[in-house]
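Trainee: One letter stands for each residue in the lines below.
Protein chains: 2
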Amino acid sequence: MSQAKASLAHLYRVFTKPEGKDSRLAQIEAQLSDNLADFLSGHIVTEEIPLEQIEQDFSQAQVPEQPQFVSDHAQHLLDTLVSKSVNTYSPRFVGHMTSALPYFHLSLAKLLVGLNQNLVKIETSKAFTPLERQVLGMMHRLVFAGNDGFYQQHLHSATSSLGTFCSGGTLANLNALWVARNNALPPVAGFRGISEDGLIAAMQHHNINQLAVISSARGHYSLAKAMDLLGLGKSQLHKLNCPQQTLDPQQVLQKGQQILQQGGRVMAIVGIAGTTETGHIDPLDELAEVASELNCHFHVDAAWGGATLFSERHAPLLSGIEKADSVTLDAHKQMYVPMGAGMVLFKDPLAGNAVRHHAQYILRQGSKDLGATSVEGSRNGMAMMLYASLHILGRQGYELLIDESLAKARKFAQLIKAHKDFELVTEPVLCLLTYRLCPGHLREKGRVISDKHNHQLDELNRLIQKQQREAGHSFVSRTRLSTESYPEPITVFRVVLANPLTTEQDLQAILAEQSELATKHPLWDRL
Amino acid sequence: MSQAKASLAHLYRVFTKPEGKDSRLAQIEAQLSDNLADFLSGHIVTEEIPLEQIEQDFSQAQVPEQPQFVSDHAQHLLDTLVSKSVNTYSPRFVGHMTSALPYFHLSLAKLLVGLNQNLVKIETSKAFTPLERQVLGMMHRLVFAGNDGFYQQHLHSATSSLGTFCSGGTLANLNALWVARNNALPPVAGFRGISEDGLIAAMQHHNINQLAVISSARGHYSLAKAMDLLGLGKSQLHKLNCPQQTLDPQQVLQKGQQILQQGGRVMAIVGIAGTTETGHIDPLDELAEVASELNCHFHVDAAWGGATLFSERHAPLLSGIEKADSVTLDAHKQMYVPMGAGMVLFKDPLAGNAVRHHAQYILRQGSKDLGATSVEGSRNGMAMMLYASLHILGRQGYELLIDESLAKARKFAQLIKAHKDFELVTEPVLCLLTYRLCPGHLREKGRVISDKHNHQLDELNRLIQKQQREAGHSFVSRTRLSTESYPEPITVFRVVLANPLTTEQDLQAILAEQSELATKHPLWDRL
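Line by line, the protein sequences give chains U and Y. The first sequence maps to residues 150 to 676 in this note's numbering. The second sequence maps to residues 150 to 676 in this note's numbering.
What the hints contain is simulated information worked out from the structure, not anything from laboratory work. Mixed in with the good hints there might be a few duds.
Covered by chain Y, per the in silico footprint, the following chain U stretches (three or more residues, Cβ under 8 Å) [said to hold, decoys possible]:
| id | stretch |
| --- | --- |
| 1 | 179-185 |
| 2 | 223-234 |
| 3 | 261-273 |
| 4 | 370-383 |
| 5 | 429-439 |
| 6 | 561-575 |
Small disclaimer: the values here were computed from a predicted structure and weren't measured. C-beta atoms are modelled at their ideal positions from N, C-alpha and C, and glycine is treated no differently.
Build out the structure end to end from the sequences listed, making use of the hints.
Mentor: Below, the structure is given as structure tokens:
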């Protein structure tokens, strides 16, 4: 490989001249643009490569001294990075929440980098700021169904915030709980508010000894992270057991009353609209009532399930979400936008003022800078990707996608139930389900599977998931789950059927491969 | 405009077929790729359009019902979004920290979206995780200069973390202070640590009444935001005055001792390597000593200035940064990577364990998932952009860029000093400087500019900055600043000379335009 020289001419060229049509980078780009599926399946190595082996290619902890030609580096990326990446586009990789994306995002990604706006302040984002505000308004309306006057008043108001964009659900949940915490401990005589005076002064002035959040055991791990960050402590996150995968409002109320009796206060109830593990939806309507009774913030983590609202048929599954004080959505999940497009929405456009901050050269009072109520500072114009998707797919397009995904999950559940080697563990509420390998004779009527058998099944399912992943044709994920039938957690396969390219044939092939791997495995005959 | 239909066929097409070569989107992409400067200057409207007018194009708060053809939408984006964006590539837009980027990022942005990996866990990022760890290792070595053995041990270790990538400096600073807070309040008998038991229990068990951070008045606004988020309260952020633009270590020590005497503790000192407003660098070496004396965490916010370490000639400006416990860097600033590439680095690879978190289906104990010690959860593979830049530019390439920027800033300072209508307010330490319009006669030897004149000058500088921005040929930003000569804040122009395409001619043109606008202004003759 020839070495480039660190000259001003070389640098100037990199900044001002595109690679020629015949350059390696241009070739790669052309392949990628012409047929992404072929590009990925052609370049990504099928069989899993041990991580330690991949790490060898990335073990040099020293900034390279000399420049490299773009074409050389492009080939290097193809060989070391692309070849060992995960094919998230593949219709048989149904173990995670990333899926094939619409083609236009490839071109828009380029436009985004070409424009390279910084959304933290109007001065460096001009049209992107109104665009982001509009997208937030659209999503706000989808969730909260405000009227025309409401959006006319708040969409572009400097003192209102319908929500903020962020990199993902974790930051969105943090932002929501931050706002909830600060609003729960407002200024009183001698106390300037928690933002200024901190948590300890806040608890003293409000005369409370604990500030708790109630959620289900299926709550996303980001909730605990937020409790740590906000200084409340993970022990103040009460994750209630949910053998049926959803919160019991009665239990939430009891827990809340117990906290109040102990001199504490419930800061927030978090309902989930689409748990990460099984896709279940908490009873949002009833939880809203409990929150109202406990006089606390009601947050809904709809990172996964929020997009269900596009479907007239399935939106009622999320009934009650419109009563939430804040809602988390991830456009990079069921909205088919590239990674990095989370959002938090606030029903009350003034709620975010509890965390509003200013600076001299930026985020001035009265400015419409988006960074004034967000956790993040500088960030890119990812909102454009969702804006384009909302227009090009339209509500009706999203509706079709959601309806198809849910139908596919139900179809897959049928296939699993009809197969002698599998047991459906959780029914799909949205397009997620869990199941496991479990020979038919263990599931005969009236029979209870012993702990010993369950442990053997755990081991078998773990091994087969790994084998299948390593073979590289398909990918399902696995988790451990307790259910009504299995109070002790069992190991299950978890699938997410959001990829519109996944067909029934793909699903049959996944089961066939698992069944074949399992029945050949020595553990199988010992069951 | 014809309406697309929400059919499965339309959707399937969007997910599987690229737009034809003659489609509007493909045309736009081709223009963008062939000549970005022409594309931007050709499509972005020069004169500033009032924000209210831009907002009219983004005022519909309802998800469009029907799908739209990709070509139609591409044209729409061009007309409403691109045309009203900010030309961050332009060599005469020197008011912000975003600049022209190398061309290869356009193609890589496409590759990134095509691969669409999720860096939160190995399962969905495979090769990207080792790559990100390597990039963190390279930057760690640039800052802390560990030896080979150190990086062999920690680069890919599941229990070590050399740092984390994040969207930007705000999150990086938050991450650093979070780690500092949790390490300052470790578990003791009857207390499981702040992460579990929260801030109030922590303060009780450690018998302290305040947990303070000391920084300069030039500290980034994200520090106050972090204080709020972490529950410490902004009032515990002690921002010391710095008429010379840098922290006085003696004052920091005094403030720290005062806090200790009051029963508090200093959690961290934050030094700045490149302030946002003037580019000044705190005396890091001496601050490290003070931190050691106060037994507290030493964080360096090198979001802007960190890249100076690439330059052998200028790296000594940051002397002492290697003694920091944590360092913030932004690759989207002087490393010429697209927006959204921040980092925090930890000198001690075990420091991040104070915020380590796990979950069942993800971030399992012993896994190398990158999400276990970060503020963010799901996020994209932006590290690839820096990886490519480090290879294609090389240390020597970056060195040239840094050296050129600093030389350009010094040149601009000379031009300002030689011009009768301007006053240089802060000398460039890095490639930032501040200046203002101020007629020569007011600056005659021995003369002190009166408050009245300063107020008039403030008004004049504010108006001219606005006029220049609105005219759309050039852009400098403005801020208010106090200095040794001006203890009362004055309004100044602020320029950042990081764009490699900016020439001396550009700088002369900027001054000429300002001088012309000013001398024509009625305020000028009244001075």
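Trainee: In terms of beta carbon proximity below 8 Å, does the stretch 429-439 of chain U have 3 or more residues touching chain Y?
Mentor: Violated, because only 0 residues of the stretch 429-439 of chain U bring their Cβ atoms closer than 8 Å to Cβ atoms of chain Y.
Trainee: Verify the coverage statement for the stretch 261-273 of chain U against chain Y, using a C-beta to C-beta distance below 8 Å and requiring 3 or more qualifying residues.
Mentor: Holds: 10 residues of the stretch 261-273 of chain U have a Cβ under 8 Å from chain Y.
Trainee: Checking C-beta pairs, does the stretch 223-234 of chain U have three or more residues closer than 8 Å to chain Y?
Mentor: This one holds; 9 residues, not fewer than the three required, reach chain Y with a Cβ under 8 Å.
Trainee: Apply the coverage criterion to the stretch 370-383 of chain U and chain Y: a residue qualifies when its Cβ sits closer than 8 Å to a Cβ of the chain, and three qualifying residues are needed.
Mentor: Contact hint for the stretch 370-383 of chain U vs chain Y: holds, 12 residues under 8 Å.
Trainee: How does the coverage statement for the stretch 179-185 of chain U fare against chain Y, requiring three or more residues with Cβ below 8 Å from a Cβ of that chain?
Mentor: It holds: at least three residues are needed, and the stretch 179-185 of chain U offers 5 whose Cβ sits within less than 8 Å of chain Y.
Trainee: In terms of beta carbon proximity below 8 Å, does the stretch 561-575 of chain U have 3 or more residues touching chain Y?
Mentor: violated (count 0)
Comparing the model with each numbered hint stated earlier shows that hints 5 and 6 do not hold.
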